[in-house]
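Student: Between the sequences and the hints, there should be enough to build the whole structure, so can you do that?
No gaps in the numbering here: position 140 of the sequence shown is 268 in the working numbering, and each next residue is one more.
Note that these hints are calculated values from the structure, not bench results. Yeah, the Cβ is synthetic: ideal placement off N, Cα and C, and Gly gets one too. Errors might be hidden in some of the hints.
What the hints assert, rightly or not - Here are the computed distance ranges between Cβ atoms for each label pair:
id, residue 1, residue 2, range
1, Cys171, Ile277, 39 to 45 angstroms
2, Cys171, Ala237, 29 to 35 angstroms
3, Leu201, Arg270, 21 to 27 angstroms
4, Val284, Tyr169, 53 to 59 angstroms
5, Ser187, Ser213, 31 to 37 angstroms
6, Lys273, Leu251, 29 to 35 angstroms
7, Asp247, Thr161, 15 to 21 angstroms
8, Leu201, Ile173, 32 to 38 angstroms
9, Gln164, Val259, 39 to 45 angstroms
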Amino acid sequence: SSNLPHMHVNDAKHLIAPLQWFGLWTKSTTNITVIQLITPYLCVILGVAVLQLVRRHKSLSLSDLLHSTQICLFPNVNIQSMNDSTWNTIKYLCNYGSYRFGLELTFFASLCLIIIRMDAIALIHAILLLVCILLSRQYVRRFWKLYRIYASASAVWLYFNALGR
129 SSNLPHMHVN DAKHLIAPLQ WFGLWTKSTT NITVIQLITP YLCVILGVAV LQLVRRHKSL
189 SLSDLLHSTQ ICLFPNVNIQ SMNDSTWNTI KYLCNYGSYR FGLELTFFAS LCLIIIRMDA
249 IALIHAILLL VCILLSRQYV RRFWKLYRIY ASASAVWLYF NALGR
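Tutor: Rendered as structure tokens:
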């Protein structure tokens, strides 16, 4: 046994975690683990994956559908005239926002109406809003005319009710 070279023996009195041994466990007062370190990156990867999934689904589902006419708040402003002035840029962004998020903005306005009015009309609005949220956009397009008729009729009813008639 004296002919064998002297080997270094681990004389540590405590166990060393494998992640710490490989340098993947930071040694600090809070003992941050690898999962805690990579969680923000995993969230970014998950967000990008969901974004790509939505884009892919949109391209597949909208490729065969006819596009409905776009309602513009400012019809004389387009992407070419956007750079003319700051006001045209704001108008273009309003057009794009209403085109892109018009349905969601309408849902939000209905939700505000439901919160402000706590009566039977608000309950019917809540039921119609729930139906719209649960349906896909393809079916909401068909249901939307009924919702507009009800919203218009309820606005007239609320106006006459406020007048005391």
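Student: Do Asp247 and Thr161 keep their Cβ atoms within the hinted range of 15 to 21 angstroms?
Tutor: violated (53 angstroms)
Student: Looking only at beta-carbon atoms, does the pair Leu201, Arg270 fall within the given range of 21 to 27 angstroms?
Tutor: holds (24 angstroms)
Student: A range of 39 to 45 angstroms was offered for this pair. Does it hold for the Cβ distance of Gln164 and Val259?
Tutor: holds (42 angstroms)
Student: Taking the beta carbons of Cys171 and Ala237, is their distance inside 29 to 35 angstroms?
Tutor: holds (31 angstroms)
Student: Taking the beta carbons of Lys273 and Leu251, is their distance inside 29 to 35 angstroms?
Tutor: Roughly 21 angstroms apart at Cβ, these two residues miss the hinted range, so it is violated.
Student: How does the Cβ-Cβ distance of Leu201 and Ile173 compare with 32 to 38 angstroms: does it lie in that range?
Tutor: Once the Cβ atoms are compared, 37 angstroms apart, the range 32 to 38 angstroms for Ile173 and Leu201 holds.
Student: Quick check: does the Cβ-Cβ distance between Val284 and Tyr169 fall within 53 to 59 angstroms?
Tutor: holds (54 angstroms)
Student: Could you say whether the range 31 to 37 angstroms given as a hint is met by the Cβ separation of Ser187 and Ser213?
Tutor: holds (34 angstroms)
Student: Measuring from beta carbon to beta carbon, are Cys171 and Ile277 in 39 to 45 angstroms?
Tutor: holds (43 angstroms)
The structure is inconsistent with the numbered hints 6 and 7, although it conforms to all the rest.
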